[in-house]
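Undergrad: Start from the sequences and build out the full structure, keeping to the hints where you can.
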Amino acid sequence: MTKDKTLQQPPAARQTLTPVSKKIIRIALAGNPNAGKTSIFNALTGQTQHVGNYPGVTVEKKSARMKYFDRTLEFVDLPGTYSLSAYSMEEIVARDFVLKNKPDVIIDVIDSTNLERNLYLCLQFQELGVPIVGALNMSDEAEKQGIHIDEKQLGKVLGIPFVKTVGTKGQGKKELLETALQVAEGVISTSERHLNYGRELESQHNILIEILDSDPVFSAKYNRHWMAIKLLENDPDATKKVKHEHRHAAQVLATAENAREWIRKHFGEDNETVVAEQRYAYIHGAVREAVKIDSTIRRVDYTELIDKIFLHRYLGLMIFFGIMFLIYQLTFTLGNPLSDLIDQFFALIQTAILQHFPEGVLRDFVVEGIIGGVGGVLVFFPIVLFLFLGLSFLEDTGYMARGAFVMDKFMHIFGLHGRSFIPMMVSTGCAVPGVMSARTLVNPKDRVLTIMVSPLMMCGAKVPIIAMLTATFFPKNAATVFWSIWFFGWILALVLARIFRNVLFRGEASPFVMELPPYRLPTLRGVLTHVWEKSWSYVKKAGTFILAASVVIWFLLYFPQISDQEQRLQAQSADLEAKYLSNLARLDSTFKNGIAPEQLIHAKEKLILQKEYTDQVQQLESRLTKEALSHSFGGQLAQFIEPAFKPCGFDWRLVVTLISGFTAKEVIVSSMGIIYGIGATEIEQEQQTVTQVPLKEKLKADPVYRQLNILAFMLFVLIYLPCMATMAAVKKELGKWKYPAFLAFYTLSIAWLIATLVFQFGQLFGLE
Amino acid sequence: MYQYQQPQTTVTLADLIPNQKFKIIRVNAYGEIKRRLIEMGFLPGTEGVMLRKALLNDPIEIFIKSYRISLRLAEAKQILVEKV
Numbered sequence: 001m002t003k004d005k006t007l008q009q010p011p012a013a014r015q016t017l018t019p020v021s022k023k024i025i026r027i028a029l030a031g032n033p034n035a036g037k038t039s040i041f042n043a044l045t046g047q048t049q050h051v052g053n054y055p056g057v058t059v060e061k062k063s064a065r066m067k068y069f070d071r072t073l074e075f076v077d078l079p080g081t082y083s084l085s086a087y088s089m090e091e092i093v094a095r096d097f098v099l100k101n102k103p104d105v106i107i108d109v110i111d112s113t114n115l116e117r118n119l120y121l122c123l124q125f126q127e128l129g130v131p132i133v134g135a136l137n138m139s140d141e142a143e144k145q146g147i148h149i150d151e152k153q154l155g156k157v158l159g160i161p162f163v164k165t166v167g168t169k170g171q172g173k174k175e176l177l178e179t180a181l182q183v184a185e186g187v188i189s190t191s192e193r194h195l196n197y198g199r200e201l202e203s204q205h206n207i208l209i210e211i212l213d214s215d216p217v218f219s220a221k222y223n224r225h226w227m228a229i230k231l232l233e234n235d236p237d238a239t240k241k242v243k244h245e246h247r248h249a250a251q252v253l254a255t256a257e258n259a260r261e262w263i264r265k266h267f268g269e270d271n272e273t274v275v276a277e278q279r280y281a282y283i284h285g286a287v288r289e290a291v292k293i294d295s296t297i298r299r300v301d302y303t304e305l306i307d308k309i310f311l312h313r314y315l316g317l318m319i320f321f322g323i324m325f326l327i328y329q330l331t332f333t334l335g336n337p338l339s340d341l342i343d344q345f346f347a348l349i350q351t352a353i354l355q356h357f358p359e360g361v362l363r364d365f366v367v368e369g370i371i372g373g374v375g376g377v378l379v380f381f382p383i384v385l386f387l388f389l390g391l392s393f394l395e396d397t398g399y400m401a402r403g404a405f406v407m408d409k410f411m412h413i414f415g416l417h418g419r420s421f422i423p424m425m426v427s428t429g430c431a432v433p434g435v436m437s438a439r440t441l442v443n444p445k446d447r448v449l450t451i452m453v454s455p456l457m458m459c460g461a462k463v464p465i466i467a468m469l470t471a472t473f474f475p476k477n478a479a480t481v482f483w484s485i486w487f488f489g490w491i492l493a494l495v496l497a498r499i500f501r502n503v504l505f506r507g508e509a510s511p512f513v514m515e516l517p518p519y520r521l522p523t524l525r526g527v528l529t530h531v532w533e534k535s536w537s538y539v540k541k542a543g544t545f546i547l548a549a550s551v552v553i554w555f556l557l558y559f560p561q562i563s564d565q566e567q568r569l570q571a572q573s574a575d576l577e578a579k580y581l582s583n584l585a586r587l588d589s590t591f592k593n594g595i596a597p598e599q600l601i602h603a604k605e606k607l608i609l610q611k612e613y614t615d616q617v618q619q620l621e622s623r624l625t626k627e628a629l630s631h632s633f634g635g636q637l638a639q640f641i642e643p644a645f646k647p648c649g650f651d652w653r654l655v656v657t658l659i660s661g662f663t664a665k666e667v668i669v670s671s672m673g674i675i676y677g678i679g680a681t682e683i684e685q686e687q688q689t690v691t692q693v694p695l696k697e698k699l700k701a702d703p704v705y706r707q708l709n710i711l712a713f714m715l716f717v718l719i720y721l722p723c724m725a726t727m728a729a730v731k732k733e734l735g736k737w738k739y740p741a742f743l744a745f746y747t748l749s750i751a752w753l754i755a756t757l758v759f760q761f762g763q764l765f766g767l768e
Numbered sequence: 001m002y003q004y005q006q007p008q009t010t011v012t013l014a015d016l017i018p019n020q021k022f023k024i025i026r027v028n029a030y031g032e033i034k035r036r037l038i039e040m041g042f043l044p045g046t047e048g049v050m051l052r053k054a055l056l057n058d059p060i061e062i063f064i065k066s067y068r069i070s071l072r073l074a075e076a077k078q079i080l081v082e083k084v
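Sequence order for the protein chains is A and B. Here this note's numbering is used: the first residue of the first sequence is 1, the next is one more, and so on. Here this note's numbering is used: the first residue of the second sequence is 1, the next is one more, and so on.
Since the hints were derived computationally from the structure, they do not count as laboratory data. Don't take every hint at face value.
What the hints assert, rightly or not - With a straight-line Cα cutoff of 27 Å, these simulated DSS-like cross-link-like pairs (lysine-lysine) come out:
(1) A/Lys540 to A/Lys731
(2) B/Lys65 to A/Lys409
(3) A/Lys308 to B/Lys53
(4) A/Lys445 to B/Lys53
(5) B/Lys34 to A/Lys265
(6) A/Lys265 to B/Lys23
(7) B/Lys65 to A/Lys292
(8) B/Lys23 to A/Lys308
(9) B/Lys21 to A/Lys144
(10) A/Lys698 to A/Lys476
(11) B/Lys21 to A/Lys265
(12) A/Lys696 to A/Lys241
(13) A/Lys579 to A/Lys540
(14) B/Lys77 to A/Lys409
(15) A/Lys240 to A/Lys221
(16) A/Lys696 to A/Lys476
(17) B/Lys77 to A/Lys445
(18) A/Lys243 to B/Lys83
(19) B/Lys53 to B/Lys77
(20) A/Lys738 to B/Lys65
(21) A/Lys221 to B/Lys65
(22) A/Lys409 to B/Lys21
(23) A/Lys144 to B/Lys65
(24) B/Lys34 to A/Lys445
(25) B/Lys53 to B/Lys83
(26) A/Lys62 to A/Lys243
(27) B/Lys34 to A/Lys409
(28) A/Lys698 to A/Lys611
(29) A/Lys240 to B/Lys53
(30) A/Lys144 to A/Lys169
(31) A/Lys221 to A/Lys174
(32) B/Lys77 to A/Lys241
(33) A/Lys736 to A/Lys445
(34) A/Lys265 to B/Lys77
(35) A/Lys292 to B/Lys23
(36) B/Lys65 to A/Lys156
TA: Dropping the structure here:
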């Protein structure tokens, strides 16, 4: 019995025998921008993702998990970088991930046609002391150009295994994965440093290692060799780490300064250049040993041929505007009808619910708050979809960087980047996709600046209100006024960008060192998945905020209700009905036994009575809605803050429309309709045909509204508070609430200021 | 025997006309820009070609190592080159 028991292994002991491969193997993908990192990621994980031709596309961390035989693999896509110095956001993200999360292996994706610069990053990873595999990507393209790489030889020289791949075709992915796993599991070692900086640098490097080792905790946490090199380069991030974490920080930093000084004297060149030079020299030597370039192959340089036209001094600008026009047309001519369809679909659901469910707060909440909000999110979906279809295509072909090249001088005058033009132009259609397209800007300052001014454009939702008001109050020169306001949006955005750059981002010159990647044919799958990801992330992230804001605005304009409104409505409509019926009876009695001509008059009189009655009922209803609105929190708020808008020449009714305009700018037209007691059906007509409709007449008849305060109002609408969908997009793109908060604050201030200036000066000079 | 030596003409990258080949002598920038340029391979002795200039001569596009890159005039002025 006892013997049997010992034979039976307890389960706990057996578990310790499970192979190491059971654990999760974490693989990070790194590489230069435009090296085809994303296509390798897709090939390895089977998850489709964007194939970027543009730096910054993968700023957000993407990961995927998959089973590989008995192992679980976790892939993380690091942002594309040229180096691991700590200047850009992407570099810090990539470097800190490697330092803190210590992935089991890094796959460095290398553009085989551009070996030396790509290997520069590769060696930095090796210096960090992480296991690494190099994927010699686009190897087919390199072969075509006569670049023959002996990957075995290259691996031997650099101490890193290399595998040839073609990411877009999935070639070499199996071998790459197998090699990565061998490295991760220690079968192949890449820890041995082959890179030699030369006798002089190495001696300084050894002195630094010695002093770094005086704090064992520190040298266990960071790779000491890497830290020493970074100190020689005077890397700000490494210096910071030493300062805060090393026990003998002062000594280390003093030694580092001495070493740098020595290098400067010895080489007659600054330390950064010396270190980089040695690294490149080493790479150059390795490449010479392992790469044969067949100079007999003279391929046509298509990129140069295309650039001769696309980057032509004058032609280039015209082509750029032509392409932008096409993208704009594609987005809005295809997107708008679909948006309208979605709009109509939600309106249909709303009427269906209104007809089939009993009246009450709940029904109104569902119809106006929830469905209105969801509709407000999805209405933008087709526009976002089509816009990113065009932009992804431009990115993946490599044109995007060219557009920035062409536009940079003009945009730079205003403190912006060449790439800022696209978000601003898109915002003239809709600021939501405009703000989203600003992620093509790599530098965070450029991105913030561009996003902050883009919502000032005259977007599609501001068009109906401004077109209607110009047609009403400036009938003689409506077009001139309208387009002046349109251009004013652009001028204001550019001027404010300049001011913000000088005041908020002072002295921060962001270098414009931009690679112009070779033109490449994008893959359909790459473009489509990119489009889908962006559009869907908009629905998910911006959607929640838009829905919430829509509910809040609904609440503000709906509550508190007038308690006896229902009774009053019933009593008064009963009155009206009784009056109508008695009038009808009297009419009938006078024509009791009439002859033929009298019967005709009878019928006519009857119709008149009927029309009178329905008019009265409508008037009653709209009067009560108006009362309810002025009684609501929103209405009360508007009346409360009315004095603040006196200098702009607005009365509280205009203020209410402005409050409601936060949900979407086009709502301003319909809330004007409500205030002027126009039925819902008439507002529908209003939006379709801008000419000759009651709202216009009523506004015109109202003595409060003159050309001057309406002009001030239109400018206010152009500038003030971006709609909630834009705010949601800003929060989503920039991550912090302080950005939409600042946007709200400054747009309101500027809007008020400009409206006041226009109204006050207008009055001063007697313009009415 | 007297041999005429052509004086070495040191100019900046901004002074070159399209299709002019050059060799970098020194990068006179500081901080982030310097670091960027060095990483991208703007090191003494590196050869390249000026490809073109945008309208108003800014920015410029050059070919260096085996890729194309654009720089603003302000940055190009900090790169000393010699014509090749």
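Undergrad: Now look at each hint and say whether the structure bears it out.
TA: Now the hints, each set against the structure:
1. A hinted pair counts as satisfied when its Cα atoms are at most 27 Å apart, and A/Lys540 with A/Lys731 qualifies at roughly 13 Å.
2. Our distance criterion of 27 Å between C-alpha atoms is met by B/Lys65 and A/Lys409, whose separation comes to about 26 Å.
3. For a cut-off of 27 Å, the pair hint linking A/Lys308 to B/Lys53 stands: about 11 Å separates their Cα positions.
4. Taking the CA atoms of A/Lys445 and B/Lys53, the gap is near 26 Å; set against the 27 Å cutoff, the hint holds.
5. Under the criterion of a C-alpha separation no larger than 27 Å, the hint pairing B/Lys34 with A/Lys265 is consistent with the structure, at around 19 Å.
6. This hinted pair checks out: A/Lys265 and B/Lys23 have alpha carbons roughly 24 Å apart, not beyond 27 Å.
7. Taken as a hint, the B/Lys65 and A/Lys292 pair is honoured in the structure, with Cα atoms around 16 Å apart against an allowance of 27 Å.
8. For the hint linking B/Lys23 to A/Lys308, the alpha-carbon distance of about 23 Å falls within 27 Å, and the restraint holds.
9. For a cut-off of 27 Å, the pair hint linking B/Lys21 to A/Lys144 stands: about 25 Å separates their Cα positions.
10. For the given pair, A/Lys698 sits about 19 Å from A/Lys476 by alpha-carbon distance, which is consistent with the 27 Å threshold.
11. Proposed proximity of B/Lys21 and A/Lys265 is contradicted: the alpha carbons are some 31 Å apart, above 27 Å.
12. Taken as a hint, the A/Lys696 and A/Lys241 pair is broken in the structure, with Cα atoms around 66 Å apart against an allowance of 27 Å.
13. Taking the CA atoms of A/Lys579 and A/Lys540, the gap is near 55 Å; set against the 27 Å cutoff, the hint is violated.
14. Between B/Lys77 and A/Lys409 the CA atoms are separated by roughly 16 Å; this keeps the pair inside 27 Å, and the hint holds.
15. Of the pairs offered as hints, the one joining A/Lys240 and A/Lys221 holds, with about 15 Å between alpha carbons and a cut-off of 27 Å not exceeded.
16. Taking the CA atoms of A/Lys696 and A/Lys476, the gap is about 15 Å. The hint holds against a cut of 27 Å.
17. The suggested pairing of B/Lys77 with A/Lys445 holds, with an alpha-carbon distance near 24 Å, which does not exceed 27 Å.
18. For a cut-off of 27 Å, the pair hint linking A/Lys243 to B/Lys83 is broken: about 44 Å separates their Cα positions.
19. As the CA atoms of B/Lys53 and B/Lys77 are separated by approximately 14 Å, the hinted pair is consistent with the 27 Å bound.
20. Between the alpha carbons of A/Lys738 and B/Lys65 the distance comes to roughly 43 Å, so the proposed pair goes past 27 Å and is violated.
21. At most 27 Å may separate the alpha-carbon atoms for a hinted pair to count; A/Lys221 and B/Lys65 exceed this at roughly 36 Å.
22. For a cut-off of 27 Å, the pair hint linking A/Lys409 to B/Lys21 stands: about 24 Å separates their Cα positions.
23. Restraint check for A/Lys144 and B/Lys65: satisfied, since their Cα atoms lie roughly 18 Å apart, inside the 27 Å limit.
24. A hinted pair counts as satisfied when its Cα atoms are at most 27 Å apart, and B/Lys34 with A/Lys445 qualifies at roughly 19 Å.
25. At roughly 17 Å between alpha-carbon atoms, B/Lys53 and B/Lys83 fall within 27 Å of each other, so this suggested pair holds.
26. With a C-alpha separation of about 32 Å, the suggested pairing of A/Lys62 with A/Lys243 is violated against the 27 Å cut-off.
27. As the CA atoms of B/Lys34 and A/Lys409 are separated by approximately 21 Å, the hinted pair is consistent with the 27 Å bound.
28. In summary, the hint linking A/Lys698 to A/Lys611 is supported, as the alpha carbons are separated by about 21 Å, within the 27 Å threshold.
29. Proposed proximity of A/Lys240 and B/Lys53 is contradicted: the alpha carbons are some 40 Å apart, above 27 Å.
30. Of the pairs offered as hints, the one joining A/Lys144 and A/Lys169 holds, with about 16 Å between alpha carbons and a cut-off of 27 Å not exceeded.
31. The suggested pairing of A/Lys221 with A/Lys174 is violated, with an alpha-carbon distance near 33 Å, which exceeds 27 Å.
32. Distance restraint check for B/Lys77 and A/Lys241: the Cα-Cα separation of roughly 34 Å exceeds the 27 Å cut-off, and the hinted pair is therefore not satisfied.
33. Restraint check for A/Lys736 and A/Lys445: satisfied, since their Cα atoms lie roughly 14 Å apart, inside the 27 Å limit.
34. Among the hinted pairs, A/Lys265 with B/Lys77 is consistent with the structure: their alpha-carbon atoms are about 25 Å apart, no more than 27 Å.
35. Our distance criterion of 27 Å between C-alpha atoms is met by A/Lys292 and B/Lys23, whose separation comes to about 23 Å.
36. Restraint check: the Cα-Cα separation between B/Lys65 and A/Lys156 comes to about 24 Å, which is no more than 27 Å; the hinted pair holds.
Checked against the numbered hints above, the structure violates hints 11, 12, 13, 18, 20, 21, 26, 29, 31 and 32; every other hint is satisfied.
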